[in-house]
Amino acid sequence: GAVVSQHPSWVICKSGTSVKIECRSLDFQATTMFWYRQFPKQSLMLMATSNEGSKATYEQGVEKDKFLINHASLTLSTLTVTSAHPEDSSFYICSASFRGSNQPQHFGDGTRLSIL
Amino acid sequence: GNSVTQMEGPVTLSEEAFLTINCTYTATGYPSLFWYVQYPGEGLQLLLKATKADDKGSNKGFEATYRKETTSFHLEKGSVQVSDSAVYFCALVGGYNKLIFGAGTRLAVHP
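As they're listed, the protein sequences go chains C and A.
Using this note's numbering, the first residue of the first sequence is number 1, and each one after it goes up by one.
Using this note's numbering, the first residue of the second sequence is number 1, and each one after it goes up by one.
Derived by calculation from the structure, the hints in this document are not laboratory data.
Source: prediction; values computed, not measured.
No false leads were slipped in.
Cut-off 35 Å, straight-line C-alpha distance, at most; resulting in silico cross-link-like pairs (DSBU-like, lysine-lysine): (1) A/98 to C/14; (2) A/56 to C/41; (3) C/41 to C/20; (4) C/14 to C/64; (5) C/55 to C/66; (6) C/41 to A/68; (7) C/20 to C/55; (8) C/64 to A/98; (9) A/77 to A/52; (10) C/41 to C/55; (11) C/66 to C/41; (12) A/98 to A/68; (13) A/56 to A/98; (14) A/56 to A/77; (15) A/52 to A/68; (16) A/52 to C/55; (17) C/14 to C/55; (18) C/64 to C/41; (19) C/66 to C/20; (20) A/98 to C/20; (21) A/77 to C/41; (22) C/66 to A/98; (23) C/41 to A/98; (24) A/98 to A/52; (25) A/98 to C/55; (26) C/14 to C/66; (27) C/64 to C/20; (28) C/14 to C/41; (29) A/68 to A/56; (30) A/98 to A/77; (31) A/98 to A/60; (32) C/41 to A/60; (33) A/52 to C/41.
Extracted from the complex, chain C is given alone in its bound form (with noise of 0.2 Å):
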């Protein structure tokens, strides 16, 4: 079946550091990834909405100069949280589609991020 892979599973740095996270379909070409946020023991908080070689459309809230995203090709997407700060701390989750709108999501195992 499809698969999606998230990397790194787990990141500990300093406050001020720019982590990069990268998100790769394996098997199918990802017309759409889509970038969650989520709070201990809380739902998926969308974030932004990557189409490949456009712009990421951000949800109302998200700073779009702190999270950075780039959708280069069919089966990479990448979030950049820039000058990462502690209350950036959280557990972030891609997931990719192929075109289609009943087409599923898959999801990616997730990045913990840890600021100190």
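We have chain C already, so just place chain A on it with the hints.
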């Protein structure tokens, strides 16, 4: 707007008990409905889906039927196992293929 409401957890069951996790939705039209499962420290896995009214999705002993009359998509399993302990999310697909999730229901199954 579109929304999904799930029963609050945690749900605690003994092994081999019957499971029901309620899910109701509000939507314009008839969106596809999904159940996702999240094991500790992992991302979400698609458990099952239904794309139209009266469809029944099933996988690994879990079932859910798309009920248009009651706008529901309840998850059921006849006999749960300890390995089913996880968080279960009901979701519908809205505009631009965006998923709208319920709050999630934590299931704990004890031997």
